[in-house]
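If you're matching them up, the sequences are chains A and B in order.
Counting in our numbering, the first sequence runs from 16 upward without gaps.
Counting in our numbering, the second sequence runs from 872 upward without gaps.
These are computed hints drawn from the structure, not numbers from a lab.
Computed from a prediction, not measured in an experiment: that's the story for all the values here.
For every residue, glycine included, the Cβ atom is placed at its ideal position computed from N, Cα and C.
Treat each hint with caution, since some may be false.
Sample of chain A residues facing chain B (criterion: CB under 8 Å; computed from the structure) [as the list claims (entries may be wrong)]:
id	residue
1	Pro54
2	Ala57
3	Pro130
4	Met134
5	Ile164
6	Ser176
Cβ-to-Cβ under 10 Å is the rule here; a few derived chain B residues that face chain A [as the list claims (entries may be wrong)]:
id	residue
7	Ser954
8	Gly973
9	Glu977
10	Ala1034
The residues making up each chain are set out below.
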Amino acid sequence: MTSFDDDPIGATVRLLLKLPGVGEKSARRMAYSLLATGPTFAQSLGEALSTLHERVRRCVDCGTYSGQDRCTICRDARRTSEILCVVARPWDADALERAGSFRGRYHVLHTLLDPLSGMGPEDFPIGPLEQRIREEQTREVILATPPTIEGEATALFLAESLRPLGIEITRLASGVPHGGDLEYIDPITLGRALDGRRGL
Amino acid sequence: MTSILRVTGFAVQGFRNLGTVILSPHERVNLFVGANGQGKTSLLEAVDFVATLRSFRGATRSQLIGHGVPQASARMVVEGGESEHEFRVSLDRRARECTMDGKRPERAVQYYGSASCVVFHPQDLDLIRGAPDIRRRLLDRILVRVVDGYGEALRNYVRTLKARNSVLRSASPDLRAIAAYDPLLSRFGSAIARTRNALTNELLPAAREAAQDITLATADLSIAYKTKVPFDADEYRELLARCFDQDRARMTTTVGPHADDVSIKWGGRVARDVVSQGQTRALALALRLAELEVLRARSGRVPWLLLDDISSELDRERTERLFARISSLRAQIWVTTTDPTVRSLLPEGHQYLVESGGVKATAFEG
């Protein structure tokens, strides 16, 4: 095993390789690019990374990552907690925000029901969500977990768990993409779009 | 218009005991001759692995990677009618990656359907005598190629089943989690059972016809899909609810397509109990020929054929009839044998010597 002093480039490459979507070649390109662009950028990047965990915390209300105790959406008085949109990851909330039409608030789970990877029903963080629904007098919960097996199971599990609270529970519709040609849509998506059809 | 699928290029390295093998197969006949243990079956297994992403010997990823190498990889070019596709597979001990024409395939059926092949191998006796999973695998192998969405449904079903079983294994199973998995399990499970049942009915006439032709017997072959799964998702969900106490006691899901079987009867009786070794081989062959026929009829493409361990002394008559049947399809065939005289049963093609994991071209002669 070579140490950082013996082989600083190799050690940097090995660290970059742990990032998602980064292969051997890209990691090498990144390391050499950091050397070629001079010390300023590498230092700024290093500082941003070394203080990331200190500066970013989880919003006390919704759990998303934020530079402050409470995230901008939870601080925004024009947004309402009457409707809560439950997502698996912070970036799912970002994607919904980009759509621009949702005026409620989010709740970020940071996990999905997946007993095979160690997240069984007994460990699932449902308490904070239940507490928030009670305290903020939420009327409707939109379950916006991803359309995968784990995402679907999580939505069904949450629906089952939140039923005693007597609130409206909805699931993000799944179906045909805008501008898509029906012929090219996979049968699972098309089947679900048919099942979830709406009256006009 | 039916097109004929042919492998026009194949390369593999790091797979089992094979060295680096690079082949430009003949469009019709490819004969691999060698002693036992030299890598003949591994070569066919590698070709079939690229096509199905599964080992026909039921091997795990680790078993497929050669000793002392970090990974195995293969590249295969398949031509059919107007189209040509390149398949690449690499596997290490943690993961498997595959691409078709340089991209990860979006739909399972695009990949499997464009790499359609049928394997005939000595372990096929287990189609008649072995455990139910071998017969289910025969159906699944066909369905991932001809039914869009089947591969996805199967994968989703297996994941849901494993998750549900893991909940059932806890001291007091969480009923909310069971209520979350049952709608998913019943949606995918009923679709799988329904599709397999329809396929079995489609295989029946082809298998019956092939069995009579090969065995020259008048006894009747019948095959039927055996399942307790209702073909309607809501009914299956209700059945899961009724079986819950039983599932909890056994700590596993008792009713589902993972527990199904194909019943095979010969002259009205369970085939495994009544047929001889030779008849068993003939019936297994009939099932494989039915697989070939259904793939051809459904996809309009003639699969290529991998025939493992063909002998001319044993069963010469049956081997001749098999070759006669498949030669009328003009399919590409890959044949392995320990016996060079098998060549006399075949039209002209390429001949290779397989030795110590290496494959080299030789003259086409016995």
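Comparing the hints with the structure gives:
1. Taken as an interface hint, Pro54 of chain A does not check out: its beta carbon lies about 36 Å from the nearest beta carbon of chain B, beyond 8 Å.
2. At a threshold of 8 Å, the smallest CB-CB gap from Ala57 of chain A to chain B is about 31 Å, leaving the interface hint violated.
3. For Pro130 of chain A, the suggested interface contact is upheld, since its CB lies about 4 Å from the closest CB of chain B, less than 8 Å.
4. This hint is violated: Met134 of chain A has a C-beta 10 Å from the nearest C-beta of chain B, more than the 8 Å allowed.
5. With its C-beta approaching chain B no nearer than about 5 Å, Ile164 of chain A sits inside the 8 Å limit, and its interface hint holds.
6. Because the smallest distance between the Cβ of Ser176 of chain A and any Cβ of chain B comes to about 5 Å, under 8 Å, the interface hint for this residue holds.
7. The interface hint given for Ser954 of chain B is violated, since its Cβ lies 18 Å from the closest Cβ of chain A, which is over the 10 Å cut-off.
8. Because the beta carbon of Gly973 of chain B sits about 15 Å from the nearest beta carbon in chain A, more than 10 Å, this interface hint is broken.
9. A least Cβ separation of about 8 Å between Glu977 of chain B and chain A falls short of the 10 Å threshold, and the interface hint therefore holds.
10. Taking 10 Å as the C-beta cut-off, the interface hint given for Ala1034 of chain B holds, the closest approach to chain A being about 5 Å.
Hint compliance for this structure: hints 1, 2, 4, 7 and 8 are broken, all remaining hints hold.
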